[in-house]
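2 protein chains.
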Amino acid sequence: MELSENELIRKLRRFGRKSGAVIRGIGDDGAVVNVQQGQYVLVQDALVEHIHFEFAFAGPYDVGKKAVYVNVSDILAMGAEPLYFLVTIGVPERFSYRDVQILYKGMDRAAREFHLLLLGGDTVATKGDFFIDVSMVGKVLARKYFGRNKAKSGDLIGVTGYLGESAYGLRLLQKGPLAQPVNRYIKRYQSPRPPFDVWKELVKNDITDAMMDISDGLIIDLERMMAESKTGARLYLEDIPIPPALKKQGLQALALSGGEDYQFLFAFPRNKVPAVDKIRKKGFMISIIGEVVRQRGVRLFDGEREIKLRTKGYEHFGTAQ
Amino acid sequence: MELSENELIRKLRRFGRKSGAVIRGIGDDGAVVNVQQGQYVLVQDALVEHIHFEFAFAGPYDVGKKAVYVNVSDILAMGAEPLYFLVTIGVPERFSYRDVQILYKGMDRAAREFHLLLLGGDTVATKGDFFIDVSMVGKVLARKYFGRNKAKSGDLIGVTGYLGESAYGLRLLQKGPLAQPVNRYIKRYQSPRPPFDVWKELVKNDITDAMMDISDGLIIDLERMMAESKTGARLYLEDIPIPPALKKQGLQALALSGGEDYQFLFAFPRNKVPAVDKIRKKGFMISIIGEVVRQRGVRLFDGEREIKLRTKGYEHFGTAQ
Numbered sequence: 021m022e023l024s025e026n027e028l029i030r031k032l033r034r035f036g037r038k039s040g041a042v043i044r045g046i047g048d049d050g051a052v053v054n055v056q057q058g059q060y061v062l063v064q065d066a067l068v069e070h071i072h073f074e075f076a077f078a079g080p081y082d083v084g085k086k087a088v089y090v091n092v093s094d095i096l097a098m099g100a101e102p103l104y105f106l107v108t109i110g111v112p113e114r115f116s117y118r119d120v121q122i123l124y125k126g127m128d129r130a131a132r133e134f135h136l137l138l139l140g141g142d143t144v145a146t147k148g149d150f151f152i153d154v155s156m157v158g159k160v161l162a163r164k165y166f167g168r169n170k171a172k173s174g175d176l177i178g179v180t181g182y183l184g185e186s187a188y189g190l191r192l193l194q195k196g197p198l199a200q201p202v203n204r205y206i207k208r209y210q211s212p213r214p215p216f217d218v219w220k221e222l223v224k225n226d227i228t229d230a231m232m233d234i235s236d237g238l239i240i241d242l243e244r245m246m247a248e249s250k251t252g253a254r255l256y257l258e259d260i261p262i263p264p265a266l267k268k269q270g271l272q273a274l275a276l277s278g279g280e281d282y283q284f285l286f287a288f289p290r291n292k293v294p295a296v297d298k299i300r301k302k303g304f305m306i307s308i309i310g311e312v313v314r315q316r317g318v319r320l321f322d323g324e325r326e327i328k329l330r331t332k333g334y335e336h337f338g339t340a341q
Numbered sequence: 021m022e023l024s025e026n027e028l029i030r031k032l033r034r035f036g037r038k039s040g041a042v043i044r045g046i047g048d049d050g051a052v053v054n055v056q057q058g059q060y061v062l063v064q065d066a067l068v069e070h071i072h073f074e075f076a077f078a079g080p081y082d083v084g085k086k087a088v089y090v091n092v093s094d095i096l097a098m099g100a101e102p103l104y105f106l107v108t109i110g111v112p113e114r115f116s117y118r119d120v121q122i123l124y125k126g127m128d129r130a131a132r133e134f135h136l137l138l139l140g141g142d143t144v145a146t147k148g149d150f151f152i153d154v155s156m157v158g159k160v161l162a163r164k165y166f167g168r169n170k171a172k173s174g175d176l177i178g179v180t181g182y183l184g185e186s187a188y189g190l191r192l193l194q195k196g197p198l199a200q201p202v203n204r205y206i207k208r209y210q211s212p213r214p215p216f217d218v219w220k221e222l223v224k225n226d227i228t229d230a231m232m233d234i235s236d237g238l239i240i241d242l243e244r245m246m247a248e249s250k251t252g253a254r255l256y257l258e259d260i261p262i263p264p265a266l267k268k269q270g271l272q273a274l275a276l277s278g279g280e281d282y283q284f285l286f287a288f289p290r291n292k293v294p295a296v297d298k299i300r301k302k303g304f305m306i307s308i309i310g311e312v313v314r315q316r317g318v319r320l321f322d323g324e325r326e327i328k329l330r331t332k333g334y335e336h337f338g339t340a341q
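In order, the protein sequences belong to chains A and B. For what it's worth, the numbering used here labels the leading residue of the first sequence as 21, then goes sequentially. For what it's worth, the numbering used here labels the leading residue of the second sequence as 21, then goes sequentially.
What the hints contain is simulated information worked out from the structure, not anything from laboratory work. Some hints here could point you the wrong way.
No distinction is drawn between identical chains; accordingly, a pair holds when it is met within one copy or between any pair of copies.
Below, a list of computed lysine to any residue pairs in the SDA-like style, where the Cα atoms sit at most 20 Å apart [unchecked claim]:
no., residue 1, residue 2
1, 159, 58
2, 159, 112
3, 250, 316
4, 301, 27
5, 250, 27
Required output: the full structure, derived from the provided sequences and hints.
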């Protein structure tokens with residue numbers, strides 16, 4: 021880095037955004053905001069180089085965007101609208117100011133898409149790898165917040181969009197990034213924008229009991245929801261939204277456990293099926309993939325036949341299965 | 021790490037704290053809290069191994085505590101009371117669960133001292149060095165929030181406690197950690213608890229215009245405050261609270277630019293001097309070290325003689341002075 025910490029912070033300050041509610045933005049020990057009474061959601065999620073991504077497969081612009089998106093995804097999954105965020109970046113010596121600037125431009129782009137305001141954070145040097153850690157605040161918009169613990173036996177299980185796209189995109193990049201034209205899968209991996217429009221429909225029509233975003237893979241994340249709700253689930257393979265290109269290549273597993281889908285997984289009462297159908301008819305992609313049952317655990321069925329689950333999802337520490 | 025990410029998060033969940041206002045704590049995509057209308061402060065501050073600390077000089081317990089303290093310090097410096105925090109830790113392979121647990125115990129200890137509730141965050145693996153990044157929310161208690169931009173020409177400049185203690189403690193540790201008995205300087209370095217009691221007096225008596233915490237050193241931090249306020253400052257060396265042990269060894273510079281003091285630096289109107297004297301008489305240490313002037317920049321005087329300032333404070337990127 022060719023700049024001092026002071027100079028860098030001074031330059032980054034222009035990425036701070038203001039609104040009527042922001043009394044003091046970047047440039048002080050902390051930001052000050054006017055807050056209305058209500059329920060608020062707090063999240064914090066990091067991306068670490070060599071663990072969550074490689075710069076070979078996603079440039080600083082994409083990484084900046086993605087760091088915002090994954091936190092927006094968590095806020096939305098709780099039934100809240102994102103408002104403010106702060107960011108810490110850990111900057112290795114090899115980074116130039118230009119790299120940091122491009123990263124901030126990516127964050128800024130994602131933030132604008134969700135009318136989010138950057139209020140501050142920290143910029144630190146590291147002797148090791150790059151990291152970015154975003155904290156975000158949102159306000160609950162849903163009638164009640166969505167929790168992982170709110171699925172009920174008898175509910176149906178829905179999911180937005182296609183699953184496995186991002187994992188397939190990463191696989192294409194790993195085969196040789198330069199040889200690949202940037203297709204929808206690679207785009208989904210590099211820029212996993214949460215499906216905000218269908219989320220708005222789900223909230224407006226008061227569809228869901230429980231919701232979460234799929235970050236580590238359908239099966240492992242559904243297991244987490246079921247464990248929190250003290251319930252279990254039956255999934256039907258033929259109803260899981262697997263892109264035809266993946267089916268053709270026998271890569272269905274990527275849709276079950278590939279991770280980084282950032283689609284919404286939700287449990288909803290059966291009497292909401294007509295309302296879900298109405299949303300689908302507007303052109304939004306929602307699949308009903310299974311049901312919540314009393315018996316613990318997640319079981320997958322192909323017609324009548326139960327499929328044994330091995331790889332459940334992606335975990336970053338050594339001993340994960 | 022001998023645990024999977026899932027197992028680790030499950031174990032760390034018990035460090036989450038609840039109150040009536042916390043609707044959903046650790047264990048979901050985000051935490052949900054009931055918030056009253058008002059002004060709130062948001063901060064985020066990280067500590068990175070080999071940049072901000074070495075485990076040779078501070079164990080995981082101290083590092084956990086310090087990560088909370090430095091954020092509490094920022095919240096208090098804005099005139100707010102800390103309420104909630106989230107934390108991301110970047111955990112290298114060489115860490116055991118026990119290390120992480122001790123770190124969380126340190127955070128928990130510091131959190132209890134300030135009635136702070138841990139609500140969530142992220143636990144990530146790193147291929148490189150350890151880092152800890154805390155985000156914190158506080159509610160403004162002061163009549164108006166304290167900003168760095170609120171110093172006025174004619175104000176006096178006050179500071180709490182002694183300066184240079186922490187930097188001197190680090191210097192002692194660097195000479196050989198095992199040879200040193202843990203004295204007050206080493207303690208101040210390892211566990212820089214913000215001076216909450218004197219802060220409460222300052223808030224209660226509505227003393228200050230501008231406030232900040234001294235993290236990088238008196239001179240550099242005061243320069244930041246003056247720049248934000250579009251003012252300058254004159255400091256008087258004989259009034260700066262330098263511990264006698266440092267004076268004896270000619271280490272006055274540590275009090276000016278050593279950094280990590282985490283004492284409060286504040287500008288206040290002259291008519292508050294009697295109120296400041298009353299607080300001092302109660303046994304709280306406050307020094308009046310200079311005055312705010314119209315002419316930009318920070319100048320230091322030893323009696324009539326001006327002292328040229330060279331090293332101003334600590335910066336972490338390569339090209340800092």
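Each hint tested on the structure:
1. 159 x 58: both (7 Å within a copy, 15 Å between copies)
2. 159 x 112: neither (34 Å within a copy, 34 Å between copies)
3. 250 x 316: Cα proximity of residue 250 and residue 316: one copy only (7 Å, versus 64 Å across).
4. 301 x 27: For residue 301 and residue 27, the Cα distance exceeds 20 Å both inside one copy (53 Å) and across copies (41 Å).
5. 250 x 27: Between copies only: 18 Å across chains, 52 Å inside a chain, cut-off 20 Å.
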